[in-house]
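Trainee: Sequence:
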Amino acid sequence: MAFHLSSSSHTHLYLDTQPLPPSPSHFLHLTPSPFSRRPNTTFNPLKVSLQQDTPQTSPPTQTPSKRSLWVNPKSPKPSKLREQSYDTRYTSLVKFSHTLNTCSPTEESVFEVLNELGPTPLEQDAVIIINNMDNLETAILTLQYFQKRIGKVTKEVILYNVTLKVVKKCRNFDKAEFLFREMLEKGVKPDNITFTTIISCARMCNLPVKAVELFEKMGNYGCKPDDVTYSAMIDAYGRAGNVEMALSLYDRARTEKWRVDLVTFSTLIKIYGVAGNFDGALNVYEEMKALGVKPNLVIYNTLLDAMGRAKRPWQAKTVYREMTKSGLEPSSSTYAALLRAYCRSRYGEDALHVYREMKEKGVELNVVLYNSMLAMCADIGYVDDSIEIYNDMKKSETSKPDSWTFSSLITMYSCSGKVVEAEKVLEEMLESGFEPNIYVLTSLIQCYGKANRTDDVVKTFNRLQELGITPDDRFCGCLLNVITQISKEELGKLIVCIGKANSKLENVVTLLVKEETVDEIFKDKANELFGAISKDVRKAYCNCLIDLCVNLNLLERACDLLELGLTLGIYTAIQSKSPTQWSLQLKSLSLGAALTALHVWMSDLSKALDSGEELPPLLGINTGHGKHKYSDKGLASVLESHLKELDAPFHEAPDKVGWFLTTKVAATSWLESRKSAELVAR
Numbered sequence: 005m006a007f008h009l010s011s012s013s014h015t016h017l018y019l020d021t022q023p024l025p026p027s028p029s030h031f032l033h034l035t036p037s038p039f040s041r042r043p044n045t046t047f048n049p050l051k052v053s054l055q056q057d058t059p060q061t062s063p064p065t066q067t068p069s070k071r072s073l074w075v076n077p078k079s080p081k082p083s084k085l086r087e088q089s090y091d092t093r094y095t096s097l098v099k100f101s102h103t104l105n106t107c108s109p110t111e112e113s114v115f116e117v118l119n120e121l122g123p124t125p126l127e128q129d130a131v132i133i134i135n136n137m138d139n140l141e142t143a144i145l146t147l148q149y150f151q152k153r154i155g156k157v158t159k160e161v162i163l164y165n166v167t168l169k170v171v172k173k174c175r176n177f178d179k180a181e182f183l184f185r186e187m188l189e190k191g192v193k194p195d196n197i198t199f200t201t202i203i204s205c206a207r208m209c210n211l212p213v214k215a216v217e218l219f220e221k222m223g224n225y226g227c228k229p230d231d232v233t234y235s236a237m238i239d240a241y242g243r244a245g246n247v248e249m250a251l252s253l254y255d256r257a258r259t260e261k262w263r264v265d266l267v268t269f270s271t272l273i274k275i276y277g278v279a280g281n282f283d284g285a286l287n288v289y290e291e292m293k294a295l296g297v298k299p300n301l302v303i304y305n306t307l308l309d310a311m312g313r314a315k316r317p318w319q320a321k322t323v324y325r326e327m328t329k330s331g332l333e334p335s336s337s338t339y340a341a342l343l344r345a346y347c348r349s350r351y352g353e354d355a356l357h358v359y360r361e362m363k364e365k366g367v368e369l370n371v372v373l374y375n376s377m378l379a380m381c382a383d384i385g386y387v388d389d390s391i392e393i394y395n396d397m398k399k400s401e402t403s404k405p406d407s408w409t410f411s412s413l414i415t416m417y418s419c420s421g422k423v424v425e426a427e428k429v430l431e432e433m434l435e436s437g438f439e440p441n442i443y444v445l446t447s448l449i450q451c452y453g454k455a456n457r458t459d460d461v462v463k464t465f466n467r468l469q470e471l472g473i474t475p476d477d478r479f480c481g482c483l484l485n486v487i488t489q490i491s492k493e494e495l496g497k498l499i500v501c502i503g504k505a506n507s508k509l510e511n512v513v514t515l516l517v518k519e520e521t522v523d524e525i526f527k528d529k530a531n532e533l534f535g536a537i538s539k540d541v542r543k544a545y546c547n548c549l550i551d552l553c554v555n556l557n558l559l560e561r562a563c564d565l566l567e568l569g570l571t572l573g574i575y576t577a578i579q580s581k582s583p584t585q586w587s588l589q590l591k592s593l594s595l596g597a598a599l600t601a602l603h604v605w606m607s608d609l610s611k612a613l614d615s616g617e618e619l620p621p622l623l624g625i626n627t628g629h630g631k632h633k634y635s636d637k638g639l640a641s642v643l644e645s646h647l648k649e650l651d652a653p654f655h656e657a658p659d660k661v662g663w664f665l666t667t668k669v670a671a672t673s674w675l676e677s678r679k680s681a682e683l684v685a686r
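If you read the sequence shown in the numbering used here, its first letter stands for residue 5, the second for the next number, and so on.
Fair warning: there could be bad hints in the mix.
[What the hints assert, rightly or not] Pairs of lysine-lysine residues, derived as DSS-like cross-links and limited to a Cα-Cα distance of at most 27 Å, are as follows:
| hint | residue 1 | residue 2 |
| --- | --- | --- |
| 1 | K529 | K581 |
| 2 | K298 | K329 |
| 3 | K329 | K428 |
| 4 | K315 | K363 |
| 5 | K543 | K492 |
| 6 | K508 | K454 |
| 7 | K581 | K660 |
| 8 | K492 | K504 |
| 9 | K611 | K668 |
| 10 | K428 | K454 |
Read the hints as simulated data drawn from the structure, not as lab findings. Bear in mind that the values here come from a model prediction, so they are computed numbers and not experimental data.
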C-alpha cells in the first residue's frame with residue numbers, strides 16, 4: 005500500500021531530507037511550541053508533549069543547489085518559514101495517523117504505510133504519529149515498527165506512554181497491562197505519566213482495584229504521584245471499598261487544594277450515602293458549588309439516590325429543582341432516583357406526579373419501580389392509583405407483573421377489607437404461574453380477619469403449611485391481630501393455629517383467655533415472648549395483646565402489659581412533664597393501648613393530687629393527626645367519644661391538630677369529683 009502525502013515535489017523533498025532544527029521545546033514539553041503560534045493550525049502539538057526531553061538532531065551541512073535560496077538572517081522571514089515548516093510536517097504526520105487508524109490491522113499493511121517515512125524514521129515523528137491514533141491494534145503494530153526501525157530509542161518510555169494513551173482511549177485494560185509488563189521485561193523504567201495513564205485506563209474500565217494496585221506500586225519505581233493522580237485515587241479507593249483511604253485523601257485534597265474531577269466528587273457522594281452519612285454527601289455537593297465546579301447529571305443522580313436512602317424527600321425535591329434550574333434535563337436514572345426517594349418516604353402525590361411525567365415523556369419503568377409505586381399506594385391507601393399503575397404495567401412490553409406486584413395489590417385490598425377483589429388478584433397470580441408467598445398469605449389472613457371470616461383464616465393458615473412455608477413473626481402478629489377482632493366464641497380456632505406457629509405466643513394468649521393465672525406467671529410468660537420475637541414487631545404484639553385484654557375486660561392485665569412495655573423500652577415517653585404542661589402521648593398506640601395509657605395517666609394524676617403535688621397550668625393529650633389510612637376513624641375521634649363518656653374536661657385544641665387540652669383548675673375539679681364518686685360507690 006503506497007502512501008502519498010502530496011503531489012508537490014516540495015513535500016517529497018522534505019520527507020527525503022532531515023528536518024529543520026527543532027526548537028528546544030519541540031514535541032516533548034508542556035511549554036508552547038512554534039506549532040501553536042498560528043491560530044489556523046488544525047492540530048496542536050501541545051497534546052503531544054510528554055514532559056520529557058528528546059535528543060536533538062543537527063542537520064548536516066547542505067551543499068547549495070539550484071533549489072537553495074539565501075535568506076537574510078536579520079529578516080523576520082526565517083522564523084516564519086521555520087514555523088510553517090513545523091506546521092506542515094506536523095499536519096503531514098497526523099495524516100499518517102489517520103491512515104493507520106483505517107488500514108488493515110496486520111503487520112504488512114501497517115509497515116507498508118510507515119515505510120513512506122524513509123529508512124530512518126525519527127523518534128519525534130513516532131511520538132506524533134502514535135499520539136494521534138485511536139486504533140488499538142494498529143497502534144501497537146506501529147510501536148513495534150518504530151522499535152525495530154529507529155536505531156537507538158533514547159526515550160522509549162515516551163513511545164510506550166503515547167501507545168498507552170491510545171489503549172486508554174480504547175478502554176482496553178488487558179492491553180495496558182500487557183504493554184506495562186513488556187516495558188518492565190525490556191528494562192524500560194515507567195514514569196509518572198505511565199502510571200497515570202494506566203490508572204486512568206483502569207478507572208475508565210471500572211477496575212478500581214487494579215487502579216489501587218498500580219498506584220501502590222509507583223514508589224517502587226521512584227515515581228511520586230501528583231495532585232491529579234491523588235485526586236483520581238480518591239475515586240479508585242472509594243470504588244474499591246477502601247473508604248477510609250478515600251476520605252483521608254479527600255481531606256488532603258481540601259487542605260492542599262487539589263483539583264478534584266466530577267467522577268471523584270460523584271464517588272465521594274456515593275461513599276457518604278452508602279455509609280449513611282447523608283450530611284457528608286450534602287457537604288460534598290455544597291463544597292463543589294463553592295469551588296465553582298458545576299455538577300453534572302451523574303452528580304445530581306447520585307445525590308438524589310443518597311437523599312432517597314436517607315428518607316429525606318424534601319431535600320431530594322430541592323436538589324431536583326436546582327438541577328432543572330441549571331438547565332440539565334432529567335434522565336431515566338434521575339426519575340428512578342426521585343421516584344425511589346418519594347416512594348420510600350410515602351410522598352404519594354409527589355411520587356404520582358413523577359410517575360405521570362415519566363409516562364408522558366415515554367420513560368419506561370422497570371419492574372422494581374412499578375412495584376415500589378404499588379407498594380407505596382397500597383401502604384397509604386391509594387386504591388384507584390394502584391389499579392391505574394397495575395393496568396399500565398400489564399400493557400408494558402418490558403415490565404410484566406411478578407409475585408411482588410400481586411403481593412402489593414392483595415395487601416392493598418386486604419387492608420381495605422375487600423375480600424372479593426383480593427381473591428380475584430390471587431386468582432390472577434396463580435394463573436400467571438406464581439405461588440403465593442408468606443407476604444400474600446399474611447395479607448389474606450388480615451383480609452379475612454377484617455371480614456370476620458374466621459374459617460377462611462384457618463384455611464389460609466393450613467395452606468401456608470401445605471406450601472411448606474414457616475410462619476414468621478409478622479405472620480403470627482397478623483394472626484394475633486385477627487384474634488382482637490373476632491368474637492370470644494371463635495378464639496379457640498385461632499389459638500390452635502397460633503400454637504402451631506409460635507408456642508410462646510400461644511402461652512400468653514391462652515393465659516389471657518382462661519383468666520386463671522397469677523400475676524407473676526403471666527408477666528414471666530409475656531416477658532419470655534417479647535425476648536423471643538424481633539424488635540421491630542414487639543410494639544405491634546404488645547398493642548394487640550393489650551387490645552385483647554380490653555376486649556376481654558381485663559384492665560389489670562392490660563396495665564401489666566403496658567408497664568412491661570415501658571420497662572422493656574417497647575413504649576417510650578408516653579408521659580411527659582414540664583413546668584407549664586403535663587402531657588400524654590398516644591399517637592403510636594393502638595386503641596386499646598391508648599385507653600389503657602389514659603387510665604394509668606388519670607390514676608397518676610389523682611395520686612399526684614393526693615400527695616399534695618401541684619398540677620401545671622395546662623394538661624394535654626396528643627393523639628396524633630389524621631385518620632387511619634384504610635378507615636374513616638382516627639384515634640382522636642375515638643378518644644373524644646371516650647372522654648365525653650368520662651365527662652372529662654378535655655377539649656380539642658383548635659390550633660393544635662390531634663391535641664386535647666384542659667386547665668389545672670378544670671382537671672383538679674374533675675379528678676376530685678371522680679374521687680368523691682368512687683367513695684360514694686363503695
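Trainee: Give a verdict on every hint.
Mentor: Here's how the hints hold up against the structure:
1. Simply put, K529 and K581 have alpha-carbon atoms about 33 Å apart, too far for the 27 Å limit, and the pair is violated.
2. Of the pairs offered as hints, the one joining K298 and K329 holds, with about 12 Å between alpha carbons and a cut-off of 27 Å not exceeded.
3. Note on K329 and K428: the hinted pairing is violated, with a Cα-Cα distance of about 46 Å set against a maximum of 27 Å.
4. Between the alpha carbons of K315 and K363 the distance comes to roughly 24 Å, so the proposed pair stays at or under 27 Å and holds.
5. With a C-alpha separation of about 23 Å, the suggested pairing of K543 with K492 holds against the 27 Å cut-off.
6. Proposed proximity of K508 and K454 is supported: the alpha carbons are some 25 Å apart, at most 27 Å.
7. Simply put, K581 and K660 have alpha-carbon atoms about 18 Å apart, close enough for the 27 Å limit, and the pair holds.
8. Only pairs whose Cα atoms come within 27 Å are accepted, and K492 paired with K504 is accepted, the gap being roughly 20 Å.
9. Between K611 and K668 the CA atoms are separated by roughly 15 Å; this keeps the pair inside 27 Å, and the hint holds.
10. Distance check on the hinted pair: K428 and K454 sit about 17 Å apart at the alpha-carbon level, within 27 Å; holds.
Checked against the numbered hints given earlier, this structure breaks hints 1, 3; the rest are met.
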